[in-house]
Amino acid sequence: MRPGLDTRPDFPILDQQVNGKPLVYLDNGATSQKPRQVIDALSAFYLHDNANVHRGLHALSMRATEAFEKARARVARFIGAADPAEIVFTTGTTDGINLVAFSWAEQNLRPGDVILLTEMEHHSNIVPWQLAAARTGATLRYVPVIGDDAEHGLDLGALDRLLTPQVKLFAFTHLSNTLGILNDAALLCARARAVGAVTLIDAAQSVGHEPLDVHALGCDFLVFSSHKMCGPTGGGVLYGRRHLLDTMPPYRGGGGMIENVEFGHSTWKPAPERFEAGTPHIAGAIGLAVACDYLDSIGRPAISAHDHHLGALARAALDEFPGVRV
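Mapping the sequence shown onto my numbering, position 252 (from 1) lands on 618, and the numbers just tick up by one.
Treat the hints as calculated values from the structure; they're not laboratory data.
Don't take each hint at face value.
Here are the in silico distance ranges between beta carbons for each label pair [to be verified]:
#1 Glu686 <-> Pro577: 29 to 37 Å
#2 Thr645 <-> Arg501: 22 to 30 Å
#3 Asp550 <-> Leu380: 32 to 40 Å
#4 Gly621 <-> Ala556: 36 to 44 Å
#5 Val627 <-> Val692: 53 to 61 Å
#6 Asp685 <-> Gly478: 20 to 28 Å
#7 Gly503 <-> Asp550: 30 to 38 Å
#8 Ala680 <-> Arg443: 49 to 57 Å
#9 Ala680 <-> Pro378: 21 to 29 Å
Beta carbons are placed, not taken as given, at the ideal position from N, Cα and C, and that holds for glycine.
Work out the full structure, taking the sequences as your base and the hints as a guide.
Rendered as structure tokens:
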């Protein structure tokens with residue numbers, strides 16, 4: 367991805383041939399392939415350290431717990447979060463959005479309030495808010511895109527008109543999975559903050575491709591999946607500002623998120639544990655941390671530059687076809 371650097375050997379799955387030719391994989395927007403370092407980390411965990419976390423004093427459990435919490439801290443550094451306690455491990459982007467749409471929304475939304483989305487959202491950043499609106503009586507509104515093919519991105523004039531004090535949450539994609547548009551997330555967060563709205567960024571497509579710092583962006587929540595950034599499937603992250611997470615009730619109940627249990631009443635652990643009921647995807651979290659190391663060894667600015675280079679090559683090739691407009 368950097369000049370003179372060939373990353374293809376890092377991905378064992380690409381060693382195979384399909385129809386007599388080397389495999390070419392172009393579906394990273396759906397899921398990325400895994401570098402050898404991530405595969406080796408998963409194997410090493412299951413070979414040497416496999417145990418449950420936060421509930422055992424034997425050697426394997428203590429090693430697994432230490433590795434799991436080190437992974438949380440590594441993910442925090444990867445996105446610029448100051449406190450590892452602001453990192454909640456989830457099953458993916460969809461799960462993270464649903465967590466906020468249940469736990470935060472039911473505490474904070476009332477009839478007459480507005481949830482603001484955009485017309486370029488993935489279904490996973492629409493449907494959970496439709497359900498939240500139905501439960502709370504809030505109204506959904508959408509920021510339109512400009513142009514028949516949305517080639518100019520969001521209509522910022524419409525955004526300013528839609529951002530009223532009734533807007534309690536503005537959820538938007540950082541990088542569109544269909545349009546390839548990278549929204550100015552810091553600008554959008556600042557405009558939402560000016561009317562007192564909480565912001566949630568869907569960073570599923572951007573976190574592995576673009577430099578990302580949650581404090582520079584100014585967001586309140588940010589979600590992404592492990593499997594789209596060279597990490598294992600079945601894992602993801604919700605970043606939330608600590609003061610917001612501390613006010614949110616549990617999303618699910620079970621072992622691992624409880625402080626004390628009685629037959630008639632239970633109390634909850636603080637965030638992030640209160641949102642991680644049951645046995646987490648321990649190996650997945652460890653693999654995600656290694657994926658963070660792998661991407662940082664290349665550098666997300668270099669990855670972004672490579673993406674833009676490939677895009678320019680594709681556009682130039684398509685321009686050679688009569689009747690094709692890019």
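Checked hints:
1. Glu686 <-> Pro577: 29 to 37 Å: 33 Å, holds
2. Thr645 <-> Arg501: 22 to 30 Å: At roughly 29 Å between Cβ atoms, Arg501 and Thr645 fall inside 22 to 30 Å, so the hint holds.
3. Asp550 <-> Leu380: 32 to 40 Å: Once the Cβ atoms are compared, 34 Å apart, the range 32 to 40 Å for Leu380 and Asp550 holds.
4. Gly621 <-> Ala556: 36 to 44 Å: 41 Å, holds
5. Val627 <-> Val692: 53 to 61 Å: Since Val627 and Val692 have Cβ atoms about 59 Å apart, the given range 53 to 61 Å holds.
6. Asp685 <-> Gly478: 20 to 28 Å: About 50 Å separates the Cβ atoms of Asp685 and Gly478, which means 20 to 28 Å is violated.
7. Gly503 <-> Asp550: 30 to 38 Å: 32 Å, holds
8. Ala680 <-> Arg443: 49 to 57 Å: 33 Å, violated
9. Ala680 <-> Pro378: 21 to 29 Å: This hint holds: roughly 26 Å between Cβ atoms.
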